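Protein chains in written order, with the working numbering: chain A, 1 to 304; chain B, 1 to 367.
If you're looking for bench data, these hints aren't it; they were derived computationally from the structure. Just to be clear, a hint being listed does not mean it is correct.
[As the list claims (entries may be wrong)] Which bits of chain A does chain B cover? Going by a derived footprint, with three or more residues having C-beta under 8 angstroms, they are:
id, segment
1, 110 to 117
2, 248 to 255
3, 281 to 291
[To be verified] Straight line, CA to CA, 35 angstroms or less: simulated DSBU-like cross-link-like pairs of lysine-lysine:
id, chain 1, residue 1, chain 2, residue 2
4, A, 87, A, 108
5, B, 152, A, 247
6, A, 108, B, 65
Quantities reported herein were computed from a predicted structural model and do not represent experimental measurements. Even glycine gets a Cβ: it sits at the ideal position worked out from N, Cα and C.
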Amino acid sequence: MASSTKQPAEMPRPIAPQPSSDFLNRGLGAVFQFSMVWLVLATTWQLLGPEPQNQVEHRLQLMMVGMAYIFATGLWIVGSSWSVKTKMISITVCLLITLTLAADSVRKFDGGALVMTPARIRDGRIVHDYLGLSYVKLPDWNVNLQPRITRSPNPPSKGTSKLRLGYGEAATLCQLSQVLPTEKRNRTPTLIVLEVQRDPYRDLNHFINFVRTSEEKWAAEPDTKIVRHTRLISIAGIEMVEFEFLKEAKNLTARTVWLRKGIFALNFMCITPDAADLALFDEFLHTIQLDSVSPSATSMAARN
Amino acid sequence: MSTVLNSGTSVPTAPSAAPSIKSGFIIGPWADAILIIGAPILALLIAAPLYVLPASQFDVATRTKTLDLRQVLITVFINAHLFLVFFRSHANQNIFQLYPLRFTVVPLSLFLLGAFSPAALIVLGMATVWWDVYHSSLQTFGFGRIYDAKQKNDAQAGRSLDYWMNLLVYTGPVLAGAHFIDHLAITTETMRHIPVESGTLMELFAQRTPDFLKQHQGTMAAIILAVGVPFVLYYLYSYYRLAQQGYRVSWQKVWLMIITSTVSIYCWGFRSFIDAFWVMNFFHALQYFAIVIFTEKRNLARFFRIEWFAYGWALAAFWVISVSLLYGLWAGYCAEEDGWSMSLVVTTSIMHFWYDGFIWSVNKKQV
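Work out the full structure: start from the sequences and follow the hints.
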């Protein structure tokens, strides 16, 4: 207000537009249009294109989208009438958001491949290093630790062995099958299978409903009777969700137990013709460790 | 665009005893006839063949599952129109400067609340289902008021009548129709993430409400009919009286009301839920795209740094449509179910419903 009282007597002249400034703005505007073309094409590719199948494809896509965002937002901010300080802060924030999202995308994409790394056996336990998961190797049971995709909306073409778990897919990471004594060879052996899929659920309640949906699918199968509905349990201090069903025609009982680890949903399923083996499965579940040692696991390993 | 003021300030115009026909439109005769007034009929014409053909013809395989293309189209279009509000609220500096806190602090707070609190996200998600129905009815109300303003009528004349009439013709068929249960199912779908044994009174209330409403739907339909029919007669009589006192009837508004009401009653009352949902949401989103792009075209050209180009507004419109549709695709099918993504989607919906209540004010001559 003080400065307004000390104005010179002569009228201020209207400032003529600077031709060079106008040229610069138009030039910036034109470059911004190209960045928009790039942004729209890159985003369309990311959203509608096929899911990248290897790291090179994924990183290329990520770079194209990330750089498009940085260029488009950067050019828009530079061309705005904001103060230099605000522009600097805004560009930094955009850069940080883009890098954070890219890092998250890398973590999730690479996780799909790392989870398919075969587990190893150490000190009588099966260890999935990437998942930070281990459990006891049941003595006298056959073990198959070769991961394989068991369910996929887009089956791979013949001759390709897929080594990455994509969205909507499920893979078996471990299969334990009981070795039956000679006198019981005519019986179906008990199986314990560990299946993994991506967990897109933000909290436990969503996860419980996801398991409930799985229960509904089993219930819709012919000759299937749900004997224990979906419920939340705690085994060895780990929150799990389980349900149990009976395949009546084959006289098989199946107990399926779910837990979450990072970006994955893990499903331990026991299928047995002998309900007494469910007690063994229960003991097996008590040996599960997630990045920590549980006392029950140690005791069972000692007994074995 | 001479009939539409896209700035927050009003331009004084000479009062005219008989406004020209062109001044009675928001965009122009053809654009209004197709994109606003006739939009419900256009939606019906597009939807009719889509829902006559077998569903299997619309299956499209995506990365994770097979989807119905018709469903994909409407989901993307709905989400795109929700996002479009920001080109009015934030890209128009005259509007933005009126409510800077509402446009910055509120959405940011809501987004963070939803991202960190699953319970808050559930409540917000539930709110969007029914706020959407309310908001949709008020869009027709808003267009009606703009048409009235184009006839130089008093901004308050018949305002309450229009408000209740639009609520009745849009919400009434939803509440009284056979598809009310389906609407409740969407609410229940949102709520199924609440634990079976609810912990709080609020959650318990939310769980019990759909059952209570289901049981009393017949009574509710009877009440809506008993109130609705006399109200329509009262509405017509009241406008007759207003016309005698000098109110100029906008035939654009009359046709908008007739067409929207007829399509609303026909769809919610006589078509399948998914069909009705498609038609009602398609024309709603189409009208919104039309008004935002045409009223904001100068601002959009400026926003996309292309005001110096003769057809800059057309290129800007292309960017707006592209960016909005890409958001719609992401929100509908690509957003992960984590707190951050879901919160962003829900916050965008809530902001759209809320902002639309005050960024198109006829009283403040914003349109």
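Just to be careful, I want the Cα atoms of residue 108 of chain A and residue 65 of chain B compared with a cutoff of 35 angstroms; is the pair within it?
holds, 19 angstroms
Given that the segment 281 to 291 of chain A was listed as covered by chain B, double-check it with a C-beta distance under 8 angstroms for 3 or more residues.
Check failed, 0 qualifying residues.
If you look at each residue in the segment 110 to 117 of chain A, do at least three have a Cβ nearer than 8 angstroms to any Cβ of chain B?
Result for this restraint: violated, n = 0.
Checking C-beta pairs, does the segment 248 to 255 of chain A have three or more residues closer than 8 angstroms to chain B?
Violated - the segment 248 to 255 of chain A has 0 residues with a Cβ nearer than 8 angstroms to chain B, which falls short of three.
Quick one, are residue 152 of chain B and residue 247 of chain A close enough, alpha carbons at most 35 angstroms?
Violated, because 74 angstroms separates the two Cα atoms, which is more than 35 angstroms.
Residue 87 of chain A and residue 108 of chain A were given as a pair; does the straight-line alpha-carbon distance stay at or below 35 angstroms?
Judged against 35 angstroms, a Cα distance of about 32 angstroms means the pair holds.
Violation of the numbered hints given earlier is confined to hints 1, 2, 3 and 5; the remaining hints are satisfied by the structure.
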